[in-house]
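Protein sequences appear in the order of chains A and B.
The numbering of the first sequence is this note's numbering, which starts it at 1 and goes up by one.
The numbering of the second sequence is this note's numbering, which starts it at 1 and goes up by one.
Just so you know, the hints here were simulated from the structure itself, not pulled from any lab data.
Treat the hints with care, as some may be off.
If several chains are the same, the list does not tell them apart, and a pair holds so long as it fits within one copy or across any two.
As the list claims (entries may be wrong) - Listed next, the in silico SDA-like pairs over lysine to any residue satisfying Cα-Cα at most 25 Å (straight line):
#1 67 <-> 210
#2 67 <-> 205
#3 67 <-> 207
#4 67 <-> 31
Protein chains: 2
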Amino acid sequence: MPPGAPRPPAPGGDAPEEGGCVEVVALAGIGEVAAGDDVGAIVAAAIAMTPGLLPLRSDDVLVVTQKIVSKAEGAVMDLRGVDPRPEAVAFGERWDRDPRQVEVVLREAVRVVRMERGVIVTETRHGFVLANSGVDASNVGPGTGDVVTLLPRDPDASAAGIRTAVREAHGTDIAVIVSDSFGRPWRWGIVDVAIGVSGIVPVEDLRGLPDADGRTMRSTIRAVADEIASAAELALGKSARRPAALVRGAMPPRGEGSIADLLMPASFDLFP
Amino acid sequence: MPPGAPRPPAPGGDAPEEGGCVEVVALAGIGEVAAGDDVGAIVAAAIAMTPGLLPLRSDDVLVVTQKIVSKAEGAVMDLRGVDPRPEAVAFGERWDRDPRQVEVVLREAVRVVRMERGVIVTETRHGFVLANSGVDASNVGPGTGDVVTLLPRDPDASAAGIRTAVREAHGTDIAVIVSDSFGRPWRWGIVDVAIGVSGIVPVEDLRGLPDADGRTMRSTIRAVADEIASAAELALGKSARRPAALVRGAMPPRGEGSIADLLMPASFDLFP
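Looking at chain A on its own, in the form it has when it is part of the complex (with noise of 0.2 Å):
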């Protein structure tokens, strides 16, 4: 499987041109990442350090894990100062949850979706409906087992900003997803997502535009974002310290798309 030809540069409009080979590198060289570490400079470093990636193109995309963005922007919460309302203190027993965790759940929430069977089915303020609201306990850290980490407060501003630094340090303007591993209503498994995006349109609507055979298309929109998010975990996995993916050749449609283009108004919600 060679590498691609050299392509031109994507155009930058709302077209993008058809791939037909897209490779997914995981960085090199991230380690640990604490409170107040600069993600954006850490990841254009390890682009850096990542044989063969110099230099970027612009139809790049770089998917950075939800965790590392959280943890550098001090986005967690200690757990041992947590005191649990009354409800996740009966959760908690009747599931086997840590009941502290519960109630930083339940504050992270706009909305109770579900609460039922130790499961617990929340909106964020963003927007998001997922597990727990994205409290997660997993990988945060050594020695820090009363420590979670919290989805990040402005996830778009949060790709910008990686954006931005990638753009400083490399010259080219690639698009950036924070991703996040959500379930899914019916189906076993986790898939990641994304949650945060610029330089990017999160969904690519193909409605109006011939297939094929030239008949329209009426309701083919895809979500682009998650399936580059979806695509950057193959190559992470979830018990390594890999936190970030370049995916190449995907064509994006590029543009200063926002997370919530990818997420459907209560209006048009069947499953509240």
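For chain A, the structure is supplied; the task is to place chain B on it using the hints.
Chain B in isolation, oriented as in the chain A frame:
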């Protein structure tokens, strides 16, 4: 981004090595597919025609989109012979949809999960919960404006047949995923997911394994087959004639899995 150095074959067991570099290549030279065609032979030939794919590796995953599988298997319906029930006529008139297609959607369902605001979400006999029972009118073929595709009757068997054909043609037993595009609650747009598998365990259960800090991961089940299907879609696009892709380097959990492994039983369904 040079091609990865040759790796030894995957061990074929349940504990995949971590990757770090994933490549997705759309297969070249697949033309129009018609009822009775041998999809396995077609994609095996396309693998040989696509530069750089041979020799195959035992950790390769071939992703074949539902459309050509359904067409080859004759899982299509000519709407000109469909007499819609009154409910389908009423829904079609209210929401500007072809009542004959609504009728086929209802026939393909074992359960209607939601039927409102122009959207029909059903459960199929396979156990999939998705829009329109997977009935699709786009990219069916030239001059077939009244023909829709249905889901393959047994997508695992479809995948197994393709796997056998590839093994016989190229001597390597690779995993095969049949994919289709699904919408999701709460998020706009469709992503490709697995609807049939052969030679891969579609969910990789990491529960009980240590995370990077040695902490036991509590609830991490990766829907790796869905992520591979989404990665493949990035190389395929929606309007081009690229119905299959090879995914190399994802270190899939090999084994004799079934798509049923990926489907949540009704007893766990919080969104019936």
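A quick look at each hint next to the structure:
1. 67 <-> 210: between (40 Å within a copy, 17 Å between copies)
2. 67 <-> 205: Classified as between; 20 Å across copies, 30 Å inside a copy.
3. 67 <-> 207: Between copies only: 19 Å across chains, 35 Å inside a chain, cut-off 25 Å.
4. 67 <-> 31: This pair counts as within: shortest intra-copy Cα distance 13 Å, inter-copy 44 Å.
Checked against the numbered hints given earlier, the structure satisfies every one of them.
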